[in-house]
Amino acid sequence: MSVDAIVIEHVIVMVLLTLLIVVAVGIIILNDLLTAVILSGLYSLLSATVFVAMDAVDVALTEAAVGAGISTIILLGTLSFTKRVQKPQEHNNYAALIIVVMTGGALIYGTLDLPSYGDPNSPANSHPQLAQHYLTESQKEIDIPNVVTSVLASYRGYDTLGETAVVFTAAIGVLSLLGLRRRRRKEDPLLTDKQQRKQQNEDN
Amino acid sequence: MFFNNHFSVLLVVLPLMAAPICVILRSSKASWLVALISNLVIVLLSLSLLSHVINGNVVRYELGGWAAPTGIEYYIDGINAILISVVSIISLATLVYSKQSIRKEIAQPRHYLFYAGWLLCLTGLLGILITGDAFNVFVFLEISSLSMYMLIALGRERRQALVAAFRYLILGSIGASFILLGIGFLYAATGTLNMSDIAERLPLVNGSRTVIVGFSFITIGLLIKTAMFPVFSWLPNAYQFAPSAVSSFLAGTATKVSLYIFLRFFYHVFGTDYSFGNLLLGNILLPLAVVGFFVMSVVAVFQTDIRRVLAYSSIAQIGYIFAAISMATEQGLTAGIIHIINHAFIKTALFISVGCILYRYGTANINQLGGIMKSMPWTCAAFIIAGLSLIGVPLTAGFVSKWYLISAAIDSGWWLIAAMILMSSLMAIIYIGRIVEVFCFKNSEAEGVAKVKEAPFSMLLPLWFLIIVSVYTGINGDVVVDLAKFSATQLLDNLPGLNNPVGNPL
Amino acid sequence: MVEWLAFYNDWAVIVIMMAGFYIMIARYNLVKKIIGLSIFQTGIFYFYVGLGKVDNGTAPIFLEPKVIDESAANVASGIAEQTILYSNPLPHVLILTAIVVGVATMALGLALIVRIYEKYGSIEEDDIQAIDSQFICQLDDKK
Amino acid sequence: MSITVDPIITILPPLLAIPFIVFFGERYRNLREASIIVAACILFSFNFFLYQQFLEGALLQSEKFTFFNGLTLFLKAEPIGIIFGLLASFLWIVTTIYSIGYMRGHNEAHQTRFYTCFAIAIACVMAAAYSGNLLTLFVAYEAITLSTYPLVTHAGHAKAKRAGRIYIGVLMGGSIFLLMPALIVTWWLTGTTDFVAGGVFNEVNISPLFVTLLLCLMVFGTGKAALMPFHGWLPNAMVAPTPVSALLHAVAVVKTGVFLIIKIVVYIFGFDLIAQTNAAEILLYFAAGTILLSSFIALKKDNLKARLAYSTIGQLAYIVLAALIANARAIEGAALHIVSHAFGKITLFFCAGAIMVASHKTLVSELAGLGRKMPYTFAAFFIAAISIIGLPPLVGVLSKFVIIEGIIDSQYDWLIIVLIISSLLNIAYLLPIPFTAFFKEAPIDSVGANTHSVIKEAPTACLIAISITATGCLVLFFQIEPIVHLLSFIETASNTGE
Amino acid sequence: MLKRNVQQRHRVVQVITKFLIPMILLFAFYVQFHGDFGAGGGFQAGVIFASVFILHGLIFGEARTRLVLTPNALRILMSLGLLLYAGTGVVSLFLGGNYLDYSVLLSDPISGQHWGIFSVELGVGITVAAVMVSLFYCFSSKRNFVGHISHPISESELDSDG
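Here the protein sequences line up with chains L, H, E, V and S, keeping their order. Letter by letter, the first sequence follows residues 7 to 210 of the numbering used here. Letter by letter, the second sequence follows residues 156 to 661 of the numbering used here. Letter by letter, the third sequence follows residues 13 to 155 of the numbering used here. Letter by letter, the fourth sequence follows residues 67 to 564 of the numbering used here. Letter by letter, the fifth sequence follows residues 125 to 286 of the numbering used here.
Simulated from the structure, these hints should not be mistaken for lab results. You may find that some hints are simply not true.
What the hints assert, rightly or not - To give an idea of the interface, some chain S residues facing chain H are shown, with a C-beta separation under 8 Å as derived from the structure:
(1) F143
(2) R199
(3) S203
(4) L207
(5) G213
(6) V215
(7) L219
(8) G221
(9) N222
Since this is a predicted model, take the numbers as computed values, not measurements. Ideal Cβ positions, reconstructed from N, Cα and C, are used throughout, including at glycine.
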């Protein structure tokens, strides 16, 4: 690949990130929550593209499935129970703005010494026992083409165990708050009598 | 003493596996039993771990059999071995207590979820304490946080509990995101996630702005998680409205574990010289801590709900601990660790005794609890003893803490801070004395209130167990002091690193 | 100009994070706060994944199963093969975990919002505060 | 030196009495009170035993209990402690007899709680008297505060609770805020909190200002010594039942405070250090001010117990003053004054309580003509008042005399004037009380009958107690020699330390 | 009532969905078991698998989906998934390795790794799928409550809550 290809790669990411900023600002401004939710779905799809452009296909797949899929569905579910429109806020919150600007400033200060984007010799990409080890040794040790999977499930399998536990925790949390069973049910015309009875048994 | 390295992993895996088993069993009693048994085993394991580590061994355990920076490892030295024991003992005590208490607070069908959440919270806390990997800290922090949000939302004043849980969720997520960002910056600078490895590589990039920003974001995130002075707003509501068993458990453990992360990062990963020498962390933390414990003690005096008094007092105590550890001396660190341990037991005991009162009277409002000493003498006696300990009366654990805090401050030449600590102790006399006076000498206004039985035995048992522990550590203070001194010197002296001769990787 | 362009990605990511952060702390609407949280977190994800990007690199999936052979000829061809650069897989793994954590937090937060709406009839922070303080006033009046 | 006796035996009798007190409870009150008297007698005999052993040269020390980090708790008997122990245990017997009469006559509630806390307080006082180092004394001091708090708030009404708040606030607040840091600093500087003859600071180099500060912290931190401006708790604490005011707030508790100051002066700082640094001078002004001011306030108080309380504050300041002069003679005077004031003031309080039980009168102005109805009580009051004022042939004069000797030995001669003025003021506020009672006519009510016609003499138990202590004032005047002899042991100890 | 009409009217969608479901299922299995070779793995597969049921629920009404995948089954499945993951580690403990050390699972370390990864990915997949479906259930089964909320909160409700 040539230098031009690198430039194009960079430019793609830049454009996508700019688009993301636009969407995020849209979410800040809009009072209609439904639109905000739809925008956040769009946002997730865009970010999946960003991840592809950054070579993180697994992340992209997950972001698409989770961000655009599950998150949007539960957000919509929530909106269907609550209000669709946010109460307009009369005054801007300047304290919050100051905090945000300060935090952002600190972060920008931190990026000044950051290795440049795509640098193969950055500490993160050149650590012999981590990044390099995974790319060079995993074939020998685990022999799975997708390095992400071998890192995820084996080298850092313990993290993934924790991740599964997080999902589980969230599930029992939601269960404890909302409950799995329907507490009050109208008759569903699509169900036969037999099915209705079965469901009642199931619920009791 | 016999300790097999493999046992260390069971500390985390056991509650992690017990949680889904609870969910499968779905019965209140069975899941309580599962939780209790697994917790009991954990206590035994943690004590044997402690006795192993206290001989100067550092336990390192490579998960998945991958050598340290490549894979994730456990890194257990004095400080986390102590805290693992403290957390598991407190969890056991509050678990015994919870059986009765949640009967009145949580609907029967949700009990199994409660215990599952409890076990996951314990998993998270122990996971944070035990791990030697920076990112792994974040993962387990989230396990514990999510389960805490859930447990808090189960509180008896459902409405406020929900809002308290939500506010905690928002603030906690901000904190966790900051920590994640901070770890990201560290990763960018060093290319590694293993704490010992980071510590080894940091000197190479010491002046880097990336590291400074990583450092400050981790600090801010942890300050939120520990409910340090300016960012404490989640704590009072959470402790007040959570189920009483949960607030007892959290009061003793949650903020302490965040404090541990703080110690681990700033003494071990960044190194004392860098954190407190180059970046002057002490100069930032100390004023906050001092203002924090002073203001919060004053605020505690004006609360009407006892749980709120205790919550503000907790924030004040966190201020003490921060003041002590930001002195960055061995004395100060020792004092901080002693106070972490002692306060964990004291505050849990206080919250449990308030929980007992809540169980019988249905309120923790100080104005409605006149003269309950007569009907609940054991509970009130426990409250008084624990309260005296909080004040720092001799022969209680609190005295040992105060002694060390003040002598550490004097040792560093910070006379003013010693005076402030003492002033804030006076506030403790006021807010505890106020409650005790109502318990003992105020005549109950409502007639029906007086005719209440003492709390059930299964609630008094853990309460008095904790009281005895805190009195014992007050009388025979060397137990805690020696542990704290050992771990403080270890934190300060042990130059960490993967090839550290003290470590004995398996 | 070009020097500053090198930072464009980092700074854009920071702007995104801060947009999310601003929503979280400045908006009263609880659902908005949760959306803000997810925007903030995605910002962090870009930051992490960006760290692992290698110029000219490709996704860390070995396209052809490599033959592991220690013979000299294959080592030579292996050098040629290794001109394929792979991006660093570690940030991807971390972010996979973080995404899951994010969605878990979001689900729990939204469940709380649903319950709060049931109890308060509002999902605006200031309304909730007003109702709570009114409730406390009532308690005081009773005494 | 072969014999070793553990002073811990003095703590046990009151503690062992508690199960009996609780067990017998309200149902068998005679047995309950009998058990207390037995315990008190045993306690006194133990103290006496210690006294004898001390004279024979036995080592009176308990095992050292390691607290934490090399800090130890232990008991060790020394002359002033023995005197204090003997005094408190003897007066406990008397007070118990008195309180039987008083509590029953007054129909007080919660008597079991009262006696239990009382016993605990006495045990703590014993621990304080025989404490082997400053830390032990501090621990005992705190324990006394806590165990007497329920006694102060005994009545449970708003005034009692307010008194309790002030009590805890001043005593505990003072000790935690001032005394504890002083203790920690001492330990931090010297690595010990032990009482060493001649002081512990000999090895370390500290500036005079620092010594002054430390001494001020300790003296003001000892709120129980009621040095102004930390005196407010004492008049408030008078809301407690009279036996409490009598034994605890005229003898045991407040004397623990001054005892602590004496110990600090003698064994922590040492005479030399105080003399060299002139550290005590500012405190002497405070003490002198307290003596005069409290006497003036006492003059204005119409409530009998309040007047006695301010008198106590003044008398305590004598002891503090004597201690701070820091020479051997003055210390001896201070120790003697502990004893003489104890007998005098406890009698006065007993009388005040007896008057209250018999006539329900609490104000001085109401006492007119009561003397004829209660002759024994007021006679005892008169004797005790004379003793406090310092006239022969009562013990009060001895201690004042020795204190004045101590002042003459020192550089602060002007203090003699303070003492003389104060003695005159004593006369002015104490003597009018028996005089009104004996010589003024009782008021006549609207019907023309004497309002005192129904009043009888106090209960017999009260009278017995009163006569014992009043006799004590007289007897000690002639039998002071054993105490002086015992005190001579301190001097030699501090001399060898120099 | 509106909902019913919508469901009855959209036969076309329902028919198409019936065709789509097996394909999505197939894709989910592909992602699950092919994750070693291409992008994807347990988590993604779990989400896709769950999306089958979510789609079914959206189109045919969530009540019918509950008949296919009952809440009880979900509860047990999500627990079993987590147990499978953690249990794999325990098995390697018993076989003498460290926790989650898959190399000891079989005599050949590499195929041990393969089987270990397969097993834990399966665990993740099961848990995630079950969790996602139950999240969907939770967030849709509360719908019937909405009509019963009074705005703003009445006094009586305030009292009952305290």
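Exercise. How about F143/S: closest beta carbon in chain H under 8 Å, or not?
Worked result: Check failed: Cβ of F143/S comes no nearer than 35 Å to chain H, outside 8 Å.
Exercise. Taking the closest Cβ pair, is R199/S under 8 Å from chain H?
Worked result: holds (6 Å)
Exercise. Can G221/S be said to touch chain H, with a Cβ gap under 8 Å?
Worked result: Holds: closest Cβ of chain H sits about 6 Å from G221/S, inside 8 Å.
Problem set entry | Closest C-beta approach of L207/S to chain H relative to 8 Å, hint status | Where the cut-off is 8 Å and the nearest Cβ of chain H is about 5 Å from L207/S, the hint holds.
Problem set entry | Residue hint N222/S, partner chain H, criterion CB-CB below 8 Å | holds (4 Å)
Exercise. Any CB of chain H closer than 8 Å to the CB of G213/S?
Worked result: Holds, because the Cβ-Cβ distance from G213/S to chain H comes to roughly 7 Å (cut-off 8 Å).
For this session: With chain H as the partner, please determine if S203/S meets the hint condition of a C-beta pair closer than 8 Å.
Result: holds (3 Å)
Exercise. Can V215/S be said to touch chain H, with a Cβ gap under 8 Å?
Worked result: Hint violated; V215/S Cβ to chain H Cβ min 12 Å, cut 8 Å.
For this session: Answer holds if the nearest beta-carbon of chain H is closer than 8 Å to that of L219/S; otherwise answer violated.
Result: Result: violated, 11 Å to nearest chain H Cβ.
Hint compliance for this structure: hints 1, 6, 7 are not met, and every other hint is.
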